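A.B. asks: Residue strings, one per chain:
Protein chains: 4
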Amino acid sequence: MSADPAFDATRIRDSFAAQSLMQTFGASLTRIAPGLVEIEAPILPCARQQHGYGHAGLTFALGDTAAGYAALSLMPPEAEVLSVELKINLLAPAIGERLVATGRVVKPGRRLVVVSAEVEAIRDGSRKLIALLQGTMIPA
Amino acid sequence: MSADPAFDATRIRDSFAAQSLMQTFGASLTRIAPGLVEIEAPILPCARQQHGYGHAGLTFALGDTAAGYAALSLMPPEAEVLSVELKINLLAPAIGERLVATGRVVKPGRRLVVVSAEVEAIRDGSRKLIALLQGTMIPA
Amino acid sequence: MSADPAFDATRIRDSFAAQSLMQTFGASLTRIAPGLVEIEAPILPCARQQHGYGHAGLTFALGDTAAGYAALSLMPPEAEVLSVELKINLLAPAIGERLVATGRVVKPGRRLVVVSAEVEAIRDGSRKLIALLQGTMIPA
Amino acid sequence: MSADPAFDATRIRDSFAAQSLMQTFGASLTRIAPGLVEIEAPILPCARQQHGYGHAGLTFALGDTAAGYAALSLMPPEAEVLSVELKINLLAPAIGERLVATGRVVKPGRRLVVVSAEVEAIRDGSRKLIALLQGTMIPA
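Chains as they are written, first to last, in the numbering used here: chain A, 1 to 140; chain B, 1001 to 1140; chain C, 2001 to 2140; chain D, 3001 to 3140.
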């Protein structure tokens, strides 16, 4: 129920905790609000591409997960969320201490939820936008 | 040089071996041809989403990597490859023993290489298409 | 009913005829089969971009319409089709006598239909792939 | 030169005036600023889909053109702009008196310019977001 965001937060925290990939990446949920979810993760040695930067798969996984839970935060209590499709533009290499992915609901809906996500890299205390995602989630 | 595919294969194998995320996922290069690269990986316990299926981040990472190396296979010897943008449609859950991602060059180019990738799940010996990617790579 | 493709063809022909934009572009349905629809159009003087080539909006409109009717061809008799989202990669300028858009169903479904489309330019009798689309349609 | 936005405006106005499709759609440039271009158009009888709403091809064409000129506004004086790829999510039918497309540069660059666009429908004086685009432009 949107009147009880605490419930949504628990549902999202439990689901997130069940995603082994998020644990592999050392990711944590840092913000849950109706229609907005933020996830942070370090760029671990296990998640790199060939130049030692964060792999696009890491960036995508964080953005997808943040956007998916942003969608779930506005879905009915019994729903689960599925990613239908996502488009990612990679703007800069994933270099820094950690990544922050912020997922947002652009348009809620009973059948389809349109979402976006930004992924930023934190390096020496400054933030840089490194990826932009736009896509569609559905209740499952 | 496209006249010497062995060279390209070495370049791609070396670059792939330097991607720690591919090792984390237990992925291996199973086919390298001019304009086509195939990568296989099991769905490891460390790469799951909340229902125990392969995470969309795993599927994306394999498709992106296969498509990127397909692009690299047609680039000049000194080039490296960067993902500019990718669109993924997730067609079915990643369930099975392993995933096979096949990346292809749709249109080569000096400045931009348009690529696609299919990701299939192998389950009890049968293959099922689970994701389709379309995107753009550039030489770096 | 997929057992009666003639019915589907009529439904698609009627819907296509009601699209004024297709008339503005001089487009015609040239092939209707289960899961595949082809549309042809000249590159009219009214549909150009600043260099006199076909506008990306023309290419997109043909690809979207072909993909949408490919989806509709597999939907229940009473359904109509809506475009949810589409990604287009523009591979070459739209130069030539006419464009041919071929829409295909990649994965049918009750709730979501994943589609692709290719747009080719015909110039002096030869065909060139100028755009690739991938997207999602839903029954409405 | 970004120090002389008047020059850019003229370049964009001239290029826009040469796009016959924009004339066919009755479109006009309503705002030009560094990194932001707005285009308005009525939903003319010639640009409809089968239910009498604006065709997705109209919505896409306005969004693509606004995003392209937003990119051009930040390019060197001699450059022209080409659409590489665009992703559109259609959020609601194009119903109303007119559409307003606002294109923005998300990340400028010498080789690639990442853009977004929003398309809104104006109906009885109220605005509704009907489409969101994200894509890539290059100097040509």
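It is worth saying that the hints were derived from the structure and are not from the lab. Among these hints, one or two may not hold up.
[Stated by the list, open to error] BS3-like, lysine-lysine: derived pairs with alpha carbons at most 27 Å apart:
1. C:LYS2128 with C:LYS2107
2. B:LYS1128 with C:LYS2128
3. A:LYS107 with A:LYS128
4. D:LYS3107 with B:LYS1107
5. C:LYS2107 with B:LYS1107
6. C:LYS2128 with A:LYS107
7. A:LYS128 with D:LYS3128
8. D:LYS3107 with D:LYS3128
9. D:LYS3107 with A:LYS107
10. B:LYS1107 with C:LYS2128
11. A:LYS128 with D:LYS3107
12. B:LYS1128 with B:LYS1107
[Said to hold, decoys possible] Which stretches of chain A does chain D cover? Using the computed rule of at least three CB atoms under 8 Å from a CB of chain D, they are:
13. 11 to 20
14. 86 to 94
15. 104 to 118
[Claimed, not checked] Facing chain B, according to a computed beta carbon distance under 8 Å, are these residues of chain A, among others:
16. THR24
17. THR30
18. ARG31
19. GLN50
20. LEU58
21. PHE60
22. ALA61
23. ASP64
24. SER83
25. PRO139
Model, not experiment: these values are computed from the prediction. All C-beta atoms in this analysis are idealised placements derived from N, C-alpha and C, irrespective of residue type, glycine included.
A.B. asks: Hints first: check each against the structure and report whether it holds.
C.D. replies: Cross-check of the supplied hints:
Restraint check: the Cα-Cα separation between LYS2128 of chain C and LYS2107 of chain C comes to about 26 Å, which is no more than 27 Å; the hinted pair holds. A threshold of 27 Å between alpha carbons decides the hint, and for LYS1128 of chain B with LYS2128 of chain C the separation of about 31 Å lies outside it, so the pair is violated. For the hint pairing LYS107 of chain A with LYS128 of chain A, the CA-to-CA distance comes to about 26 Å; that is within 27 Å, so the pair holds. Taking the CA atoms of LYS3107 of chain D and LYS1107 of chain B, the gap is near 25 Å; set against the 27 Å cutoff, the hint holds.
Proximity of LYS2107 of chain C to LYS1107 of chain B is assessed by CA-CA distance (about 24 Å); at most 27 Å being required, the pair is judged to hold. A C-alpha spacing of about 37 Å is found between LYS2128 of chain C and LYS107 of chain A, which places the hinted pair above 27 Å, so the restraint is violated. Proximity of LYS128 of chain A to LYS3128 of chain D is assessed by CA-CA distance (about 31 Å); at most 27 Å being required, the pair is judged violated. Restraint check for LYS3107 of chain D and LYS3128 of chain D: the C-alpha separation of about 26 Å stays at or below 27 Å, so the hint holds.
Of the supplied pair hints, the one linking LYS3107 of chain D and LYS107 of chain A holds, its CA atoms being roughly 24 Å apart against a limit of 27 Å. Our distance criterion of 27 Å between C-alpha atoms is met by LYS1107 of chain B and LYS2128 of chain C, whose separation comes to about 11 Å. Between the alpha carbons of LYS128 of chain A and LYS3107 of chain D the distance comes to roughly 11 Å, so the proposed pair stays at or under 27 Å and holds. Restraint check for LYS1128 of chain B and LYS1107 of chain B: the C-alpha separation of about 26 Å stays at or below 27 Å, so the hint holds.
Given as covered by chain D, the stretch 11 to 20 of chain A fails the check, having 0 residues with a CB less than 8 Å from a CB of that chain where 3 are the minimum. Counting residues of the stretch 86 to 94 of chain A whose C-beta lies closer than 8 Å to any C-beta of chain D gives 4; at least three are required, and the coverage claim holds. Only when three residues or more bring their CB closer than 8 Å to a CB of chain D does the claim for the stretch 104 to 118 of chain A stand; here the count is 4, and the claim holds. Interface hint at THR24 of chain A: satisfied, since its Cβ lies 4 Å from the closest Cβ of chain B, which is below the 8 Å cut-off.
Nearest Cβ of chain B to the Cβ of THR30 of chain A: about 18 Å, over the 8 Å cut. The hint is violated. Taken as an interface hint, ARG31 of chain A does not check out: its beta carbon lies about 19 Å from the nearest beta carbon of chain B, beyond 8 Å. At a threshold of 8 Å, the smallest CB-CB gap from GLN50 of chain A to chain B is about 4 Å, leaving the interface hint in force. The beta carbon of LEU58 of chain A comes within 7 Å of a beta carbon in chain B, closer than 8 Å, and the hint placing it at the interface holds.
A distance limit of 8 Å between C-beta atoms decides the matter here; for PHE60 of chain A the minimum to chain B is near 5 Å, and the interface restraint holds. Checking ALA61 of chain A against chain B by beta carbon gives a least distance of about 3 Å; that is within 8 Å, so the hint holds. The beta carbon of ASP64 of chain A comes within 5 Å of a beta carbon in chain B, closer than 8 Å, and the hint placing it at the interface holds. The beta carbon of SER83 of chain A comes within 5 Å of a beta carbon in chain B, closer than 8 Å, and the hint placing it at the interface holds.
With a least beta-carbon distance of about 14 Å to chain B, the hint placing PRO139 of chain A at the interface is violated under the 8 Å criterion.
Comparing the model with each numbered hint stated earlier shows that hints 2, 6, 7, 13, 17, 18 and 25 do not hold.
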